[in-house]
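Can you make the complete structure from the sequences, with help from the hints?
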Amino acid sequence: MTLCNGKENHKKTHPERFGGGDDSRPKSKRRITSFDVAKEAGVSRSTVSAVINKNTKVGISESTTQKVLSAAARLGYIPKLAARSISSHRSYAIGLISCWQSNSYMLTRPLRGMMQYLRQEEYSLTLCDLGSADMTKSAAIAVKYFLEGRIDGLIIILRTNAPEEEVASALDLLRRENMPLVLVNTAVEEPDIDEVNCDNLHAGYIATKHLISCGHRDIAFIYRRQNAENCSLAEEGRYRGYIKALEEAGIEPPEDYVVRLPDQEFDVKQGSDALHYLMNNDGARRRPSAVYTLNDTVALGVIYAAAKAGLHLPEDLAIVGNDDMEGSRLLCPALTSVAQPLQQMGEEAARLLKQRIEGTGPDHPVKLTLPCHLVIRESCGWSGQAEVEREEQS
Numbered sequence: 001m002t003l004c005n006g007k008e009n010h011k012k013t014h015p016e017r018f019g020g021g022d023d024s025r026p027k028s029k030r031r032i033t034s035f036d037v038a039k040e041a042g043v044s045r046s047t048v049s050a051v052i053n054k055n056t057k058v059g060i061s062e063s064t065t066q067k068v069l070s071a072a073a074r075l076g077y078i079p080k081l082a083a084r085s086i087s088s089h090r091s092y093a094i095g096l097i098s099c100w101q102s103n104s105y106m107l108t109r110p111l112r113g114m115m116q117y118l119r120q121e122e123y124s125l126t127l128c129d130l131g132s133a134d135m136t137k138s139a140a141i142a143v144k145y146f147l148e149g150r151i152d153g154l155i156i157i158l159r160t161n162a163p164e165e166e167v168a169s170a171l172d173l174l175r176r177e178n179m180p181l182v183l184v185n186t187a188v189e190e191p192d193i194d195e196v197n198c199d200n201l202h203a204g205y206i207a208t209k210h211l212i213s214c215g216h217r218d219i220a221f222i223y224r225r226q227n228a229e230n231c232s233l234a235e236e237g238r239y240r241g242y243i244k245a246l247e248e249a250g251i252e253p254p255e256d257y258v259v260r261l262p263d264q265e266f267d268v269k270q271g272s273d274a275l276h277y278l279m280n281n282d283g284a285r286r287r288p289s290a291v292y293t294l295n296d297t298v299a300l301g302v303i304y305a306a307a308k309a310g311l312h313l314p315e316d317l318a319i320v321g322n323d324d325m326e327g328s329r330l331l332c333p334a335l336t337s338v339a340q341p342l343q344q345m346g347e348e349a350a351r352l353l354k355q356r357i358e359g360t361g362p363d364h365p366v367k368l369t370l371p372c373h374l375v376i377r378e379s380c381g382w383s384g385q386a387e388v389e390r391e392e393q394s
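Here the sequence shown stands for residues 1 to 394, where the numbers follow our numbering.
You can trust all of the hints, since none of them are fake.
Quick list of simulated restraints, FRET-style, between CB atoms:
#1 E62 x K39: 17 to 27 Å
#2 S102 x P262: 18 to 28 Å
#3 E121 x E189: 22 to 32 Å
#4 K144 x A249: 45 to 55 Å
#5 I60 x R119: 15 to 25 Å
#6 I60 x K144: 28 to 38 Å
#7 R240 x R150: 40 to 50 Å
#8 P365 x V268: 34 to 44 Å
#9 P191 x R74: 42 to 52 Å
#10 E252 x P191: 27 to 37 Å
#11 T65 x P191: 30 to 40 Å
#12 I141 x F35: 31 to 41 Å
The calculated lysine-lysine pairs, modelled on BS3-like cross-linking and capped at a C-alpha distance of 30 Å, are:
#13 K144 x K367
#14 K209 x K367
#15 K367 x K244
#16 K308 x K269
#17 K209 x K244
#18 K244 x K269
#19 K39 x K54
#20 K54 x K367
#21 K209 x K269
#22 K54 x K144
#23 K367 x K57
#24 K54 x K67
#25 K367 x K137
#26 K57 x K39
#27 K308 x K209
Hint data in this document are derived by calculation from the structure and do not stem from the laboratory. The model shown is predicted, which means the values in this text are computed figures rather than measured ones. Just so you know, even glycine gets a beta-carbon here, dropped at the ideal spot from N, CA and C.
Here's what the structure looks like:
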């Protein structure tokens with residue numbers, strides 16, 4: 001036996017290390033290509049490409065489309081996104097800017113709707129900037145991504161109190177690059193841009209009408225801005241809805257029941273201070289028996305101040321908030337609130353933007369307004385059925 005420095009003997013003892021013997025390791029599976037799909041479906045590769053890339057400009061029958069999709073499913077074909085992007089000159093990615101922080105329900109709920117829609121349309125979502133205090137800087141980041149081919153368009157989720165001059169500057173920057181754009185929750189209407197909002201007038205109307213139906217006539221409204229003429233669309237809409245419900249019921253809108261908060265961030269203290277003012281306003285005819293607030297954060301402050309003042313809810317004071325934020329049902333008493341269709345707003349924004357990117361949308365800017373609904377809980381009159389209906393819609 002020749003040892004050959006031990007290699008011969010080692011080779012016989014461990015043949016698998018030298019390519020001999022049984023190899024139980026899994027062999028790599030060949031990647032399925034569009035050529036395989038074309039062969040399986042009995043069509044050309046260009047037809048497969050048109051179907052997979054959803055190229056509507058190529059006239060392909062429904063039966064051929066289904067034949068290609070069925071073949072792709074049987075073979076487990078996964079198209080390369082890079083190849084699709086090169087052939088279509090698109091990234092199949094949508095950018096997102098949000099003025100809200102990443103943990104805010106005003107972002108997470110629309111985001112859920114966007115992702116649900118984009119996933120089925122085989123688009124991805126790129127976060128350009130979240131919670132930024134500088135809209136112009138955020139817009140510059142989005143423009144960079146757009147020019148680099150990393151996104152095909154942009155969705156912006158705004159805050160109702162976003163500085164108008166800053167928003168205008170950011171939008172001008174985006175317009176200069178002709179970037180497809182959709183705004184969600186706009187503070188000021190932009191005539192030339194697609195927008196998705198909730199019906200804020202309806203929100204104020206159903207909240208106030210419910211309080212009236214509970215027997216209240218002295219209903220206060222707490223919202224933002226010292227000057228009513230400078231309100232955002234959301235604030236103006238909810239205020240107008242409040243007034244409309246009162247006038248329909250033959251109740252004269254009382255100016256001393258309207259509290260305008262300082263032009264700054266909403267917080268619990270503002271709600272507490274507002275109720276203190278309402279309960280100690282010597283100029284008022286009498287104390288209000290019910291309060292409707294611009295949002296649930298302010299309502300939380302009202303609940304806190306009412307408890308501190310020894311008021312019982314809803315016997316001494318009924319409260320309705322707005323936005324149905326996370327945790328509103330966990331308050332004591334659970335807060336009645338107007339729920340915005342935030343998830344649906346996100347989905348519709350993504351749908352609109354995809355249409356703009358692909359050139360399939362209408363020639364005119366779309367202004368989409370979605371209805372709100374009232375979630376009735378203990379803070380002004382509880383109905384178990386209303387809560388069940390709300391759960392089914394979420």
